[in-house]
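Protein chains: 4
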Amino acid sequence: MTWLASSFMGRRGVAQAQERAHHSLTETDQGAFHYVYGPYAKPVMHVAPGDVVAVETLDAFGGAVKTEADLPSKVLNMPFVNPQNGPIAIEGAKKGDVLAVYLKSILPRGPQPAGTTALIPDFGGLVASSLTHLNAPIAERVKKMDVTPDGVKFSDRITLPYEPFVGTMGVSPEIEAISSLVPDYYGGNMDLPAIAPGAVMYFPVQRDEAFFYIGDCHGRQGDGELCGVAVEIPATVEFQIDLIKGWSIPGVRLETEDFIMSVGSARPMEDAARMAYRDLIRWMVEDYGFEESEAYFLATQAGKMRVGNMVDPKYSLGASMLKKYLV
Amino acid sequence: MTWLASSFMGRRGVAQAQERAHHSLTETDQGAFHYVYGPYAKPVMHVAPGDVVAVETLDAFGGAVKTEADLPSKVLNMPFVNPQNGPIAIEGAKKGDVLAVYLKSILPRGPQPAGTTALIPDFGGLVASSLTHLNAPIAERVKKMDVTPDGVKFSDRITLPYEPFVGTMGVSPEIEAISSLVPDYYGGNMDLPAIAPGAVMYFPVQRDEAFFYIGDCHGRQGDGELCGVAVEIPATVEFQIDLIKGWSIPGVRLETEDFIMSVGSARPMEDAARMAYRDLIRWMVEDYGFEESEAYFLATQAGKMRVGNMVDPKYSLGASMLKKYLV
Amino acid sequence: MTWLASSFMGRRGVAQAQERAHHSLTETDQGAFHYVYGPYAKPVMHVAPGDVVAVETLDAFGGAVKTEADLPSKVLNMPFVNPQNGPIAIEGAKKGDVLAVYLKSILPRGPQPAGTTALIPDFGGLVASSLTHLNAPIAERVKKMDVTPDGVKFSDRITLPYEPFVGTMGVSPEIEAISSLVPDYYGGNMDLPAIAPGAVMYFPVQRDEAFFYIGDCHGRQGDGELCGVAVEIPATVEFQIDLIKGWSIPGVRLETEDFIMSVGSARPMEDAARMAYRDLIRWMVEDYGFEESEAYFLATQAGKMRVGNMVDPKYSLGASMLKKYLV
Amino acid sequence: MTWLASSFMGRRGVAQAQERAHHSLTETDQGAFHYVYGPYAKPVMHVAPGDVVAVETLDAFGGAVKTEADLPSKVLNMPFVNPQNGPIAIEGAKKGDVLAVYLKSILPRGPQPAGTTALIPDFGGLVASSLTHLNAPIAERVKKMDVTPDGVKFSDRITLPYEPFVGTMGVSPEIEAISSLVPDYYGGNMDLPAIAPGAVMYFPVQRDEAFFYIGDCHGRQGDGELCGVAVEIPATVEFQIDLIKGWSIPGVRLETEDFIMSVGSARPMEDAARMAYRDLIRWMVEDYGFEESEAYFLATQAGKMRVGNMVDPKYSLGASMLKKYLV
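Protein chains in written order, with the numbering used here: chain A, 1 to 327; chain B, 328 to 654; chain C, 655 to 981; chain D, 982 to 1308.
In short, the hints are calculated from the structure, not lab data.
Quick reminder that beta carbons are idealized off the backbone N, C-alpha and C, glycines included.
Which stretches of chain A does chain B cover? Using the computed rule of at least three CB atoms under 8 Å from a CB of chain B, they are:
1) 139-146
2) 153-160
3) 209-222
4) 227-239
5) 264-270
6) 277-284
7) 299-309
Assemble the whole structure, with the sequences as input and the hints as a guide.
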């Protein structure tokens, strides 16, 4: 494989690359946000491998839930939720390449309380849906929280660590334009807390210029995003872009200083888990020289599984292996 | 609720109780091992709340896989796998009580290599089953490993930490006798790494004297027990028994110094995840005074999900919350 | 394969055998009913291949729901539901044989209204369960219906055809004793309308004398037994028993004059569907001489799938092929 | 609700409407076929309610599998499979309307053998996928069959009835463009044999002019489309279009002279089954005056469930009720 820009990431750890150019994509620059991952929108920006971009994202509600009185059923207009920045065109990207995105930082924006979570009727991990069940919905409710790098003020008594990540990011499918609520092989709404500063994301490019989208930052989240709504925040995300030629991956992967992770998105949940582990084994075999049954054994005894979301149209799980065992 | 013996465990941490009597249950004492969790066997031992028991367990193969040449398809005789010690009758236990089991230690037994894992045709998280698929099975294979408290010697290059836990334990159903390969509300084959020394397990008693079973120790395991076979070891497990009156729980729970966890066992996997989180919220509401929607929000933002197994007849997942947030 | 008694059933249609002896098993004869399929009960009767048995079954509520005011949550005592007659010991049956049961007739018993259905909180295909969901349960309700061979009087305006079948029947597992609410490879609570007069059932014998159980007759049922409760009736079921040596089957099969069917019981539902079709193909290959890919193609173009239940602990589906295509 | 054109279909049976204008859409007229259901393509034709259209569809392989030597892995170019005619713009259609499509006839086209089925590696109901499993794929194979209105010549010995239906049809999502391999609330690749001549399809319009797509005709198919490939044929489909104002439906419905059916598309399969039955009950309540629990009871005792596909990205099932019970 060839690293077009530099070797700021790769098998042997995450070493920051030489940064080529810096770009900024503000809310105003973005103008109209997008609600699908697809090839039909016009790029809002062109960048080259090695470039660093700082993007101002909206929260998943597009900022419409300003107070605890702004119930989602009142202020949201489906399907216009989970607004995305982009598409950012990546120079030189071709179908079959891998787009690498090194996440540098995520900072909350906007007036406090910047964080929003909510119980939305018919939506969430523990509630009946009117499409499948006869039960009455649970009561709608919004909770606003102050979110700063010092913490998420969940309540007077409980302050949770600020552990931000990107809920939704990825590249455009080749011919599909898919709701930003959906995760799949190209990325999208994975809601996986491992997609955090320090991680390098790998996406399989499906078309010329890749068309990168990003949005839906979370101040933090538990495993599974149980009620369907994390600590949703508007944020400034800074990341560096790179392009890898000659590396073929079937879906989303990521890497930190300590581990490699493959992401699976599917229903039922066991299929997401299988996809994640199956690709982790493929990765261990192809790039780290493991015999397949040895990789399967090692994943059995030392693999880790992170549940990203158990609420989206497809559930996303990440299977990982510590790099210290990839010897 | 009333603690019959003492308060060695409970809401506010795990404080070791005064130990009443010590018992030992060797392989020889056990004699015939059991392959079902049920009420139809005769108790091998009677103990009282506060008693400590040290049990010699067999590995999941009953010791039949002695070398890497002992293929499971040759040496196993279904359904006689995953042998269990017990039943241990608990004095005073009645349907509706909670049996508490404080795990004190797990030590590997037997000649080295004491650890066994295997690829078994038609079984495991990433393989087709002849009951549902047309594909040819993958090749059978056994891997033996030295296992000591210093580590699991996975290969010449890789030594993994010794992080032992109990794969299978629980109480008898009221009228069913269920294979020791199955996990459910009464415990059984959960294969959840959190069931480790330092944890207090809680099981809902279904019949007089509870009838406690235990077996299937693992030297360690990754999340999901991917190939279906962890680092299986014969072991000596030491634990203390207690009985809680006046506490009603719908399934297995556990507690450590740092967190509380509810276990769900079901298929598809999302139902196991839902059961685990649903019960965690019930626990937070009933014992820690949370309003239900606040508990749901907190689980969303700070809950953790551990995948025990994704290979058994029911998958087992554990949803947990740090005690420091239960304020 | 050898037919011990006679060839009243088999590949080429269902020709009634010479009947050897007639037995009757009344409610009084049965005495204590059973709530598990297992080997730990004492046989209530011994029969030989070729014998005909008439059994008086209770309805799934054990007759406790006498009027529409008898709410299940009030009158039922879990786990003592779905009472079963048996076990009937089959002379000469050995593990590995196939028990054949030719269903001759099902007649409703008892005072009218003989039929009962109900909405039970937390149970049914379209309702949230308190084990997995936070929603309030739907309202409990009982509906009683007159049931005669002339029809099921659903309401003043709607009379449905009397199309009776056996909800629960099968053989004992080898060492397990499993709730009569559960279906699996040995039979049990399949709730599959194809298990009706004229069908020959095939069960894989797991232990000496097979230990046959039967109960839970339905006056009729739609596909899926949607609310979880069919038209439950006490009934008299007449059937003839036979034993097939030298035929190995992995799960329940059945045959009528027109078609053969394999039954799969599992969760999620697609696994039940796969098990059913996978075994149908095995049957077509082993007994009808199809090349495997031809059988797979023919099942694709001409297979039928019947949804038995989508509410029990495992869902049961039946995949069938018309005999006229088995040429 | 208002019928714009005429009452050729509706609650009380399917009475053919007065036909307004006849259109023809040949392969040549269509020119470029489409591989997504979306709003980004330019309409190939505009029609008004009451119009009849005859469309020449390609088979799912776009005609690329001409002989049994044309293996899909060789001749297909993903994601360019399952080509669709359209979009056909419907005059006057607005988001919230219902598009009604009365299927009049489906006739096979092209040189014989016109029918194609295939075993495609990693695809199908009984095979392991390389995205989730480690097993080697099954052998690829193509089977060509003569298909005429007189029958599908499956083999020298077996001729199956010609029972044609449309595998893929529906309207455009509002902002998404989704692969024609996927079924969902807007229609798409349902592969449901009930979508046959004599049926009236109902689709919830998502955008101005509806944008109707159609393709993927099948000469026949068993329940579930087991291997993933039915008797794929190029065909001429004739249908009449109508528009219903003031009727709100959450997903696809259909109606024949004898029954009404709701379609659910989801994974796991039980969710598709729940969606189908849940909507059938909604329909019975809203349009036929049933009290909800009565509808739930009647669906339990008399509902039918048809398995369309168990192989596509979402499984499609249809729940139906005979009109004679809707009294």
